[in-house]
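Residue numbers (my numbering), protein chains in the order written: chain A, 1 to 369; chain B, 1001 to 1202; chain C, 2001 to 2308.
There's no promise every hint is true.
Stated by the list, open to error - In silico DSBU-like links for lysine-lysine, alpha-carbon gap of 35 Å or less:
id	chain 1	residue 1	chain 2	residue 2
1	C	Lys-2180	B	Lys-1198
2	A	Lys-332	C	Lys-2278
3	A	Lys-262	C	Lys-2091
4	C	Lys-2180	B	Lys-1168
5	C	Lys-2199	B	Lys-1150
6	C	Lys-2092	B	Lys-1168
7	C	Lys-2160	A	Lys-110
8	B	Lys-1150	C	Lys-2092
9	A	Lys-110	C	Lys-2091
10	C	Lys-2180	C	Lys-2199
11	A	Lys-332	C	Lys-2199
It should be emphasised that the hints constitute simulated quantities derived from the structure, not laboratory data.
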Amino acid sequence: MYVAVKGGEAAIQNAHRLLADRRRGDRGVPALRLDQIVEQLALGVDRVMAEGSLYDRELAALAIVQSRGDLIEAIFLVRAYRTTLPRFGYTRPVDTAAMQVERRVSATYKDLPGGQLLGPTFDYTHRLLDPELANGGEAEEPAQRDAQPERMSRVSEILAQEGLIEADGELPDDHVTGDITREPLEFPMERDIRLQALSRGDEGFLLALGYSTQRGYGRSHPFVGEVRIGEVELELDVPELPFAVPLGRIRVTECQMVNQFKGSAKAPPQFTRGYGLVFGQSERKAMAMSLCDRALRAREMGEDITAAAQDEEFVISHSDNVQATGFVEHLKLPHYVDFQAELDLVRRMRAEHDAREDAGVAETREAAE
Amino acid sequence: MVEAETIDGGFANPVFDAQSVFRAVMDAMARPGTVQPVAMLARPPAPLSPVAAAVALTLCDNDTPLWLDPSLQASPAAKSWLGFHTGAPLAGTPSDAHFALVSKPAELIALENFAQGTQEYPDRSTTLILQLDSLASGADLLLEGPGIEKMAMAAPTPLPRHFVEQWKQNRSRFPRGVDVILAAPEGVACLPRTTRIKTMEA
Amino acid sequence: MTMQATDIATYNFAYLDEQTKRMIRRAILKGIAIPGYQVPFASREMPMPYGWGTGGVQVTASIIGPGDVLKVIDQGADDTTNAVSIRAFFKKVADVAVTTETAKATIIQTRHRIPEHPLTAGQTLVYQVPIPEPLRFLEPRETETRKMHALEEYGLMHVKLYEDIARHGRIATTYAYPVKVEGRYVMDPSPTPKFDNPKMHMSPALQLFGAGREKRIYAVPPFTEVVSLDFEDHPFEVQSFDQPCALCGAHQVYLDEVILDDHGGHMFVCSDTDHCEKRREEGHAGHLAGDAFAALQHNVPGDSGKKE
Chain A
1 MYVAVKGGEA
11 AIQNAHRLLA
21 DRRRGDRGVP
31 ALRLDQIVEQ
41 LALGVDRVMA
51 EGSLYDRELA
61 ALAIVQSRGD
71 LIEAIFLVRA
81 YRTTLPRFGY
91 TRPVDTAAMQ
101 VERRVSATYK
111 DLPGGQLLGP
121 TFDYTHRLLD
131 PELANGGEAE
141 EPAQRDAQPE
151 RMSRVSEILA
161 QEGLIEADGE
171 LPDDHVTGDI
181 TREPLEFPME
191 RDIRLQALSR
201 GDEGFLLALG
211 YSTQRGYGRS
221 HPFVGEVRIG
231 EVELELDVPE
241 LPFAVPLGRI
251 RVTECQMVNQ
261 FKGSAKAPPQ
271 FTRGYGLVFG
281 QSERKAMAMS
291 LCDRALRARE
301 MGEDITAAAQ
311 DEEFVISHSD
321 NVQATGFVEH
331 LKLPHYVDFQ
341 AELDLVRRMR
351 AEHDAREDAG
361 VAETREAAE
Chain B
1001 MVEAETIDGG
1011 FANPVFDAQS
1021 VFRAVMDAMA
1031 RPGTVQPVAM
1041 LARPPAPLSP
1051 VAAAVALTLC
1061 DNDTPLWLDP
1071 SLQASPAAKS
1081 WLGFHTGAPL
1091 AGTPSDAHFA
1101 LVSKPAELIA
1111 LENFAQGTQE
1121 YPDRSTTLIL
1131 QLDSLASGAD
1141 LLLEGPGIEK
1151 MAMAAPTPLP
1161 RHFVEQWKQN
1171 RSRFPRGVDV
1181 ILAAPEGVAC
1191 LPRTTRIKTM
1201 EA
Chain C
2001 MTMQATDIAT
2011 YNFAYLDEQT
2021 KRMIRRAILK
2031 GIAIPGYQVP
2041 FASREMPMPY
2051 GWGTGGVQVT
2061 ASIIGPGDVL
2071 KVIDQGADDT
2081 TNAVSIRAFF
2091 KKVADVAVTT
2101 ETAKATIIQT
2111 RHRIPEHPLT
2121 AGQTLVYQVP
2131 IPEPLRFLEP
2141 RETETRKMHA
2151 LEEYGLMHVK
2161 LYEDIARHGR
2171 IATTYAYPVK
2181 VEGRYVMDPS
2191 PTPKFDNPKM
2201 HMSPALQLFG
2211 AGREKRIYAV
2221 PPFTEVVSLD
2231 FEDHPFEVQS
2241 FDQPCALCGA
2251 HQVYLDEVIL
2261 DDHGGHMFVC
2271 SDTDHCEKRR
2281 EEGHAGHLAG
2291 DAFAALQHNV
2301 PGDSGKKE
């Protein structure tokens, strides 16, 4: 408006200055270094990488410090940067059986080839605040294990030997894997696209939806076939070279959910799968994702779609927290032009309403007299 | 081996050159029949024309399968130049093409062979880039439709055979159908699928 | 929005990479060729939030060049915070000339208004669109609304408008009022007040619409039929104001209501700030022209952002 407006540009500049001040906080406290965030807030960094869809710890740490620790804001910063990067090519699919595993647990077998590896988990910790950490807190060197055998087969492979679990999904020969960052979404969608959307989807949203399937809204009888966390190799095919070029290793979390399935007109009774794969270490996200993936396969399985978690358009259209936060928060932008139109309408309708009421009262009085 | 002929002749300033050519095409598409000048920004090998090549550099890349007419298809120099500068894969059939580059419009196969889009996604259609000799020395065509206040006139040549009749059929498929970019030495003109053509005789 | 090059993060010229611009440019051409049809495009994350004009910004970034003069308005005003922010963005990333004068702009990016000054051939109006699908609030599913557009099945929209008439005696849609373009596609004009709908019809300017979060681009070419949906017995009508602008005295313009005090005192002033300033420069004056500024400055703190 006229007035507020006059100071608009200066007001924005001042707001940014104040924000910078608040971000930095008390100058007497040392500024955070990115390596401190990378090393000591690693799971926050992992979430920003996963939902920001960019595997770069340093940039994620920068985003976290720039956003004052608001992780959705940090994810947004990373996304807005990533989208400007040129695309050099697509890596080969990662082989998670060849993962250098740091943690691997199965809920379906007591023991299995490769064993259960607890790894760096909060599970079984007692959630008691540790005052030692307030003063830095020293940590012991971790115990080391012997080198891992080359492959650690996945639980799905073990079940597959007996033919009790569905095979890897089949796609037409000419199917080209989609890319949600390069193509607009189209409904209904193939599972490759859906998994990409879930992998960058908001952890809280997927957690709530996954939880809802456990409470009967699209129940899927899930078992954690396994969760594994570790490093996988990335390889890129280069047209001029006869072999794939190794690009380096990334840390991922994979969850294979195994779901009971009574069979349908389309498929025999067998176990089915829900799949989760995310950058970094996040079991919660990978498990929630695999619950959602399985729920969203309802159409493919010929199951009735009755719950929110099974509704592809609902889940995928609302899983992106960068989109969601933007649109929810845009309500604070000025809307006075539209509001003026509504004001005008409500006033007119109100006047008509009052006129009718008055006329009604007058009529009643006349009748009474 | 990559020949010098393949590497040379692209945009000298890719960002600004592409922007200026795009604005010419956009204005031409928004105002069918008008001729929007295009500077000689590309120097492609024959039989590619500089204006058609500039349009291709502006719009095509590895996401857009490109169909070449037989005369371009027969020119290794043109093919490798386009491949090097745009990265566009060649479309095996015209119905797979996002763009079609046509150096001899008079010999062009029927428009209905190209992707027409679907009723749900009419945008999934081929855009044809026709290399013409002139936008002003052919038979006069009267144009009507969106982008034209009352009536516009164009005289492009050479055009595909039975073009006016073909275009009528294209128009009847709306919202499906192809769009055409006419690239001549003096610049570009466009015929979006909404344009209605009348000949002077009619 | 920091665009400085550093060792670990740098940005491309005009923010968008060339491949993205090509993709958006292709979508714009399709939009122009199929007026009113929403072309899906692979919208990118922009350095401003979704819902704050990312679609319009992507369209503008894809068409803008060194010769352009850009005007950005929000609610009709050049100086609202979001307009200021977007204008500053283009100044920074594209080094482009900016203006507040409608007549001098080649590209006008807008949220919620069409300028009062008639647009001319060669100008491009870029709308920021939150929800591009006019049928969305009648049918939330994209799979269904896409079919409706394909089959030109717009009965649902007419039913909704007619229900309004049955219940309220009038069509109770005041902004984002649906239009039919060139007799084919029903289109959302973005949340402009319906007052602006007639300006879209046969406009000499090119109108482009960008919806970033919803990943759609659509267009109305110049001189294209844009008809607001209505019924024979309830023809489309725009709201009229009982009084002219209190500052410039303009009639037949869209007005904002400005609250002057805590006791219901208010005045109506032009929503299009450039139009109002131009008129006052030309010597037009409304009935509060003298005291208005004093009153406003007294009542509204200039540096506290907005409450609209």
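- request: Check each numbered hint against the structure and report the violated ones by number, ascending.
  value: 3, 6, 7, 8, 9
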